[in-house]
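Peer 1: Protein chains in written order, with my numbering: chain A, 1 to 446; chain B, 1001 to 1208; chain C, 2001 to 2320.
Treat the hints with care, as some may be off.
In silico SDA-like cross-links for lysine to any residue, where the CA-CA straight-line distance does not exceed 20 Å [to be verified]:
(1) K2035(C) / D1094(B)
(2) K2087(C) / M337(A)
(3) K2035(C) / D1194(B)
(4) K328(A) / A2117(C)
(5) K328(A) / D2088(C)
(6) K2064(C) / D1137(B)
(7) K328(A) / K2035(C)
(8) K2035(C) / G1157(B)
(9) K2087(C) / G239(A)
(10) K328(A) / E55(A)
(11) K260(A) / G239(A)
(12) K2064(C) / D1094(B)
(13) K184(A) / R123(A)
(14) K2087(C) / D329(A)
(15) K2035(C) / G1140(B)
(16) K2035(C) / G1143(B)
(17) K328(A) / N281(A)
Hints listed in this document are in silico derivations from the structure and should not be mistaken for laboratory results.
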Amino acid sequence: MRTETTDDTVSASADPAPLLIRGGRPYGEDVQDLLLVGGRIQSVGADLEIPEGTEIIDAEDCIVLPGLVDLHTHLREPGGEEAETVETGTRAAARGGFTAVHAMANTTPVADSAGVVEQVARRGDSAGWCTVRPVGAVTVGLAGERLAELDAMANSRAQVRVFSDDGKCVHDPVLMRRALEYVKSFDGVIAQHAQDPRLTEGAQMHEGVVSAELGLTGWPAVAEESIIARDVLLAQHVGSRLHVCHLSTAGSVDIIRWAKQRGIAVTAEVTPHHLLLTDENVRQFDAVFKVNPPLRTAADVEAVREGLADGTIDIVATDHAPHPRDAKDREWDQAAMGMTGLETALSLVQLTMVDEDRLTWRDVARVLSETPAEIGRDLEQGRPLAPGSPAHVLVWDPRPVRVADPAEHASLSQNSPFAGLELPGTNRLTVLGGRPTVRDGRVVQR
Amino acid sequence: MTERPLTSDPASPERADSSRVLGPEEIRRALTRIAHEILESGHGAEDLVLLGIPHRGVPLARRLAELIARAEGLPEDADLSELYGALDITMYRDDLRSNPTRAPSPTLIPRSGIDGRTVVLIDDVLFSGRTVRAALDALGAIGRPAAVRLAVLVDRGHRELPIRADHVGKNLPTSRTERVHVQLAETDGQDAVDIVRPTAPATEGGRA
Amino acid sequence: MRHFISIADLTRGEALSVLATAEHMADTQSRAIRKLPTLVGATVVNLFFEDSTRTRISFEAAAKRLSADVINFSAKGSSLSKGESLKDTALTLQAMGADAVVVRSGSSGAAHLLAHAGWIDQPIVNAGDGAHEHPTQAMLDAFTLRRHLRPGDPRAGLDGLHVVIVGDLLHSRVARSNVLLLTLLGARVTLVAPPALVPVGASAWPCTISYDLDEALADSPDAVMMLRVQRERMVGGGFFPTEGEYSRRYGLTIARAARLPEHAIILHPGPMNRGFEIAGAVADSPRSVIVEQVASGVFVRMAVLYHLLATDAREAHREN
């Protein structure tokens, strides 16, 4: 596991000034002040004694949360720097309230070797906006043919614990079985992009009433559900951990619920966009709504919300997928799949879950910080807001409502499907290791 | 805008904007005269084709055909379909692109065609002359008449093309901003010709 | 109407108005001189990303008979085949001063995108987009149906008629546009196809769906429309086992045609696979109106161009 002492950039810089976050409500509960000193939370409570030179942050009426952790981010570097870089992607993450992101492996070259994952981690460290934990590819070149050197990545300086061919499904059942077995030796997890490739050849959008009308090739729910069903049974059979990426259908929620009842070690994520948008959004053929897995029906949206509320779905992960404008300014079937999400994720969760009384802010800390850190086996993130924990903290003001404008985003790409939507909440402060990375929605220049 | 209103009644501004020029009896007399003029201008009814320009030119053409048939002593129930028809000019207009789309009306040409015959184009109002120009173009696509003449119920002046009517029901001096409003029983429930003036702001009323 | 993209955008009144204009166009086409000066000075661009000689020449003839200038911009041998994007092409056409763009594309939504992405201001006519819509084809089908089954009334809809459409519904833009238009005009539509060629979700369409052609033909249709079935794609894609099996179950054979009501007519958007989805003798029979559909296509497309271009739509757009 990487520790702060190996983090040469951050440790090289001078210790940040002490910070007192005053008047906020940790986990949305009782008002408590937090004193951050030397990169750790020193004390929590009222009337705290503060050292000289402490900066005081007024957090009255704000929610204080552990820094958010995204298990599913596409930073695009190396190879896709016209869409995003580690630098811009982690700035976007910090604006979204994240202090750690897991960078997906589908870069060019693919993150399927110790060399690439170490490079990505190093770039993250030097950018310094949040912790970057590389995800390793399961198979060489994401080709789905033979296993990548998982152990080498796990034991590299990047300490990879999450492996995924995300963007592609590990569809060969034997290969999936071997991968699940292989990562047990270093407590890794396979994060599966559940999509049967044969059932989704040329698929463009959720297969249903809207696809029939628009004449776009359908992407059946069963293509996702059949892979999840197979994988939970495989995970049970070999006694491994399985993580299912971006659940999007009601059937998928049912299968995960069933698997958990059987005691299978499966975790599941949902994206913010699948908590809100539906296939009806496709009607205008605006490719900003083109995403993998596709936007589903209103019934599916309700099912994933319910699954997130009752704990069937463990976490929210952004699947932040930046694309340059040219990749989206196209006919639907020629446009790239994916949407940005880091900078709108918490607003979306507030809108769809907290404001609907389906999650408390303590639940939000669980699904957007604690559990994703735990799945990624990151001991420095998602820690309790308690003395001794690393000072990764988010101060969130849930009251303002603002119209989302991708032009304000720090991400290099603007393919946000939420442009023009009124979204609640704003980031007052993100603190990474005691140092503010974002103040009032603006990244802090150093 | 520089012309003085013909009448003015501030108490009822709506009525003051329009004044009756021809009533039913005057229209009937005007058409009867035109019918006789057409016959007198030297063409027998057998070589004659009256083509009305939609919309109000079409009922006028039918009325003229009936008047001509009566004057020629044809029986009451004579088939007049060889004597009159309709000529839609929508596709030949030169102002299409600055006006709302017009739904075309049917063109009805007598079965024996127009080649070698005298065609009298019939319209309600002659104004710029552009409608007549379009009608001449439309006619050219259909056949080659021996002669083409023009009869209108009202000539209001302001020609923009070298076109004149051979038979006119009434010459009506108007201002460009005024509108000549023709109503016919067949299309509007009554026979009337009115001049409608735009409502000018009161402050400009003194300028004349 | 600013664009002509989808039947779903039309009201019944608008559809009838286009059909009425098409009737008028048909009248003018029997005159000594068929060329109308209506659109003189206007430039119509035929932008065809997908080869379709029939549709292209139909639009070309329509535009030329209205005296518009026509520029054909086809995929073969142009920048379109070299990967130029729709966006760049649109910007080029805008700069060239096209007054209307007729677009054909294999991508569903391409015409909609062209009309609404802000790349080009001009009216867009959809000449077929992927498996989405082919609205002028549906208009010409409705025009043909009306001439035969509701003759003499240029204002009539298709109320009370029963139309059976047979074939590859999954990939057919013709079927989608026709379901929308024929039902808009009051007809009852039955779609017939093998189950694998019926889109999942089609149950929401305003029509009946059947897997049994004989059953549908027994329900006294006034017209049968056979869709083109692309054999290679079908058998290769596993949609049905063999051509023979499809033809037996879903082909319009001589025997099946003989069971149709006397007045019923047969349509096909072309090009036909004779002997496969339709027997050659049926296609050539007196009740087949397939050749007439081609003529109707020109009238309908003249009407559509007239409705879009004979007003200064750009001016109206600016004022809005």
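Peer 1: Between K328(A) and D2088(C), is the straight-line Cα distance small enough, at 20 Å or below?
Peer 2: holds (13 Å)
Peer 1: Please work out if K328(A) and K2035(C) have their alpha carbons no farther apart than 20 Å.
Peer 2: Not satisfied, since the Cα-Cα distance of roughly 43 Å exceeds 20 Å.
Peer 1: Is K2035(C) within 20 Å of D1194(B), Cα to Cα?
Peer 2: Outside the cut-off at roughly 38 Å; violated.
Peer 1: Do the alpha carbons of K2035(C) and G1143(B) lie within 20 Å of each other, as the hint requires?
Peer 2: holds (14 Å)
Peer 1: Between the alpha carbons of K2064(C) and D1094(B), is the straight-line distance 20 Å or under?
Peer 2: Roughly 17 Å between the alpha carbons, so the hint for K2064(C) and D1094(B) holds.
Peer 1: So if I understand the rule, the pair passes when the alpha-carbon distance is 20 Å or less; does K184(A) with R123(A) pass?
Peer 2: violated (28 Å)
Peer 1: When you check the alpha-carbon spacing of K2087(C) and M337(A), does it fall within 20 Å?
Peer 2: holds (18 Å)
Peer 1: Given the hint that K2035(C) pairs with D1094(B), test it: the Cα-Cα distance must not exceed 20 Å.
Peer 2: holds (15 Å)
Peer 1: Taken at face value, is the distance from the CA of A2117(C) to the CA of K328(A) at most 20 Å?
Peer 2: holds (11 Å)
Peer 1: With the threshold set at 20 Å, check whether the alpha-carbon distance from K260(A) to G239(A) stays at or below it.
Peer 2: Holds - the C-alpha atoms of G239(A) and K260(A) are around 13 Å apart, at most 20 Å.
Peer 1: For the pair we were handed, K2087(C) and D329(A), check the Cα-Cα distance against 20 Å.
Peer 2: At roughly 7 Å apart (the allowed maximum being 20 Å), D329(A) and K2087(C) satisfy the hint.
Peer 1: Mind checking the alpha carbons of K2035(C) and G1157(B) for me, to see if they're no more than 20 Å apart?
Peer 2: violated (32 Å)
In summary, the numbered hints that this structure violates are 3, 7, 8, 9, 10 and 13.
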